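The primary structure of each chain is shown beneath.
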Amino acid sequence: MAHEELGNLLPLSPAALHILLSLAAEDLHGYGIMQEVERQSAGQYKLGPGTLYDNLDRLMQSGLVKEAHKASEKDDPRRRYYRLTAFGRRVLAADIERLKAVIRDARRHLPHREPSKSS
Amino acid sequence: MMRNLYRFLVFLHPYAFKERFGEEMLWIYDESTKGELSHLFLDAFISLIRQWLLRSRIWRFGVGAFVSALLLLSCGYSLQVALASAFRRGNPGHYAELRQRRIQNRPVSATIAPTYKGWPIQPAQTSPRITALKQRLTSGDRHALEQFWENAAKIGTPLLDPARNRANDVVVTFLWRGNKETKSSGYERL
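So the protein sequences, as listed, match chains A and B.
Numbering follows this note's numbering, with no gaps: position 27 of the first sequence is 27.
Numbering follows this note's numbering, with no gaps: position 177 of the second sequence is 177.
Some hints could be false.
Ranges between beta-carbon positions, derived for each pair [claimed, not checked]:
#1 A:Ala24 with B:Leu70: 18 to 26 Å
#2 A:Asp75 with B:Arg55: 51 to 59 Å
#3 B:Tyr77 with A:Ala68: 30 to 38 Å
Heads up, simulated DMTMM-like pairs for lysine to aspartate or glutamate below, C-alpha to C-alpha not over 25 Å straight-line [stated by the list, open to error]:
#4 A:Lys66 with A:Asp27
#5 A:Lys74 with B:Asp141
#6 A:Lys66 with A:Asp95
#7 A:Lys70 with A:Glu5
#8 A:Lys46 with A:Asp95
#9 B:Lys34 with A:Glu5
#10 A:Lys70 with B:Glu97
#11 A:Lys100 with A:Glu5
#12 A:Lys46 with A:Glu73
#13 A:Lys74 with A:Glu5
#14 B:Lys183 with B:Asp169
#15 A:Lys46 with A:Asp27
#16 B:Lys18 with A:Asp75
#17 B:Lys18 with A:Glu67
#18 A:Lys46 with B:Glu23
#19 B:Lys18 with A:Asp95
#20 B:Lys183 with B:Glu97
#21 B:Lys34 with A:Asp75
#22 A:Lys74 with B:Asp30
#23 A:Lys66 with B:Glu23
#24 B:Lys18 with A:Glu5
#25 A:Lys66 with B:Asp141
#26 B:Lys34 with A:Glu36
#27 A:Lys74 with B:Glu97
#28 A:Lys74 with A:Asp95
#29 A:Lys70 with A:Glu36
These are calculated hints, taken from the structure and not from any lab test.
On a predicted model such as this, the values are computed, not experimentally measured, just so you know.
Here a beta-carbon is modelled for each residue, glycine too, at the ideal position from N, C-alpha and C.
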């Protein structure tokens, strides 16, 4: 599949960003991605299976993610693993750079405040 | 029960999506805790709408059908107009016939008016007998007309009635009785 232009894929949607980020370290199955996304966002962002697979489908069509081989033959046959492609990694890195620039701008224009802790 | 309901929601997704991800969605359902079920159902419902409306491109069929219907209607209308125009061009007598029919169906005043100055003639006064006849007919008296003609036959025509407020004048009413085949009537001033 021909890869789309990197610029056309940016900025990534929050769901796509979290999915790519969760796959950056290792191959994961759908449920593993959901748990990793929940962990990354400290429970603030929960992906449902419908949203997850809709995004995975589009990421696979864009060549950012591909299906990986099963970790072991003993795995549940319904369980499929997904892997970040080299192109997906470049897109993720580019979006992270974009977010860094946003944060730099935000720090410059907004007074720095520590997030209030609930007692 | 709840699992079957979730399976049904997955089953309702477009074929390509449920074929690719349906089993995985069910597997995630099996792995989830009871506390997560409401989130899963809401997500499946939203996914159902999203897949059908946005991803399956079924809306393109809807738009296509609507545009096709519009095109068909406009083509039909254009064809009808074109045929009517061709028919008129191919039948020069058509207009003349239509004009003649219109003239025949026009009321008397409309037919004669253009040729006589001052038409229609408005009587200065209406015969009180005609006024009484109109009132009886309006009130539904079925025998009024026959009695009027019988009376007219007895006294003879034209009807002569004294004019109101004019001692030296009379109202003269000429009568003419039509039949079922009579479509219009008129008279000429000589």
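So, going through the hints one by one against the coordinates:
no. : hint                             : in the structure
1   : A:Ala24 with B:Leu70: 18 to 26 Å : violated (50 Å)
2   : A:Asp75 with B:Arg55: 51 to 59 Å : violated (28 Å)
3   : B:Tyr77 with A:Ala68: 30 to 38 Å : violated (59 Å)
4   : A:Lys66 with A:Asp27             : holds (10 Å)
5   : A:Lys74 with B:Asp141            : violated (103 Å)
6   : A:Lys66 with A:Asp95             : holds (19 Å)
7   : A:Lys70 with A:Glu5              : violated (30 Å)
8   : A:Lys46 with A:Asp95             : holds (21 Å)
9   : B:Lys34 with A:Glu5              : violated (42 Å)
10  : A:Lys70 with B:Glu97             : violated (87 Å)
11  : A:Lys100 with A:Glu5             : holds (21 Å)
12  : A:Lys46 with A:Glu73             : violated (29 Å)
13  : A:Lys74 with A:Glu5              : violated (39 Å)
14  : B:Lys183 with B:Asp169           : violated (33 Å)
15  : A:Lys46 with A:Asp27             : holds (19 Å)
16  : B:Lys18 with A:Asp75             : holds (21 Å)
17  : B:Lys18 with A:Glu67             : holds (17 Å)
18  : A:Lys46 with B:Glu23             : holds (20 Å)
19  : B:Lys18 with A:Asp95             : violated (30 Å)
20  : B:Lys183 with B:Glu97            : holds (18 Å)
21  : B:Lys34 with A:Asp75             : holds (23 Å)
22  : A:Lys74 with B:Asp30             : holds (17 Å)
23  : A:Lys66 with B:Glu23             : holds (18 Å)
24  : B:Lys18 with A:Glu5              : violated (29 Å)
25  : A:Lys66 with B:Asp141            : violated (95 Å)
26  : B:Lys34 with A:Glu36             : holds (19 Å)
27  : A:Lys74 with B:Glu97             : violated (92 Å)
28  : A:Lys74 with A:Asp95             : violated (36 Å)
29  : A:Lys70 with A:Glu36             : holds (18 Å)
Checked against the numbered hints above, the structure violates hints 1, 2, 3, 5, 7, 9, 10, 12, 13, 14, 19, 24, 25, 27, 28; every other hint is satisfied.
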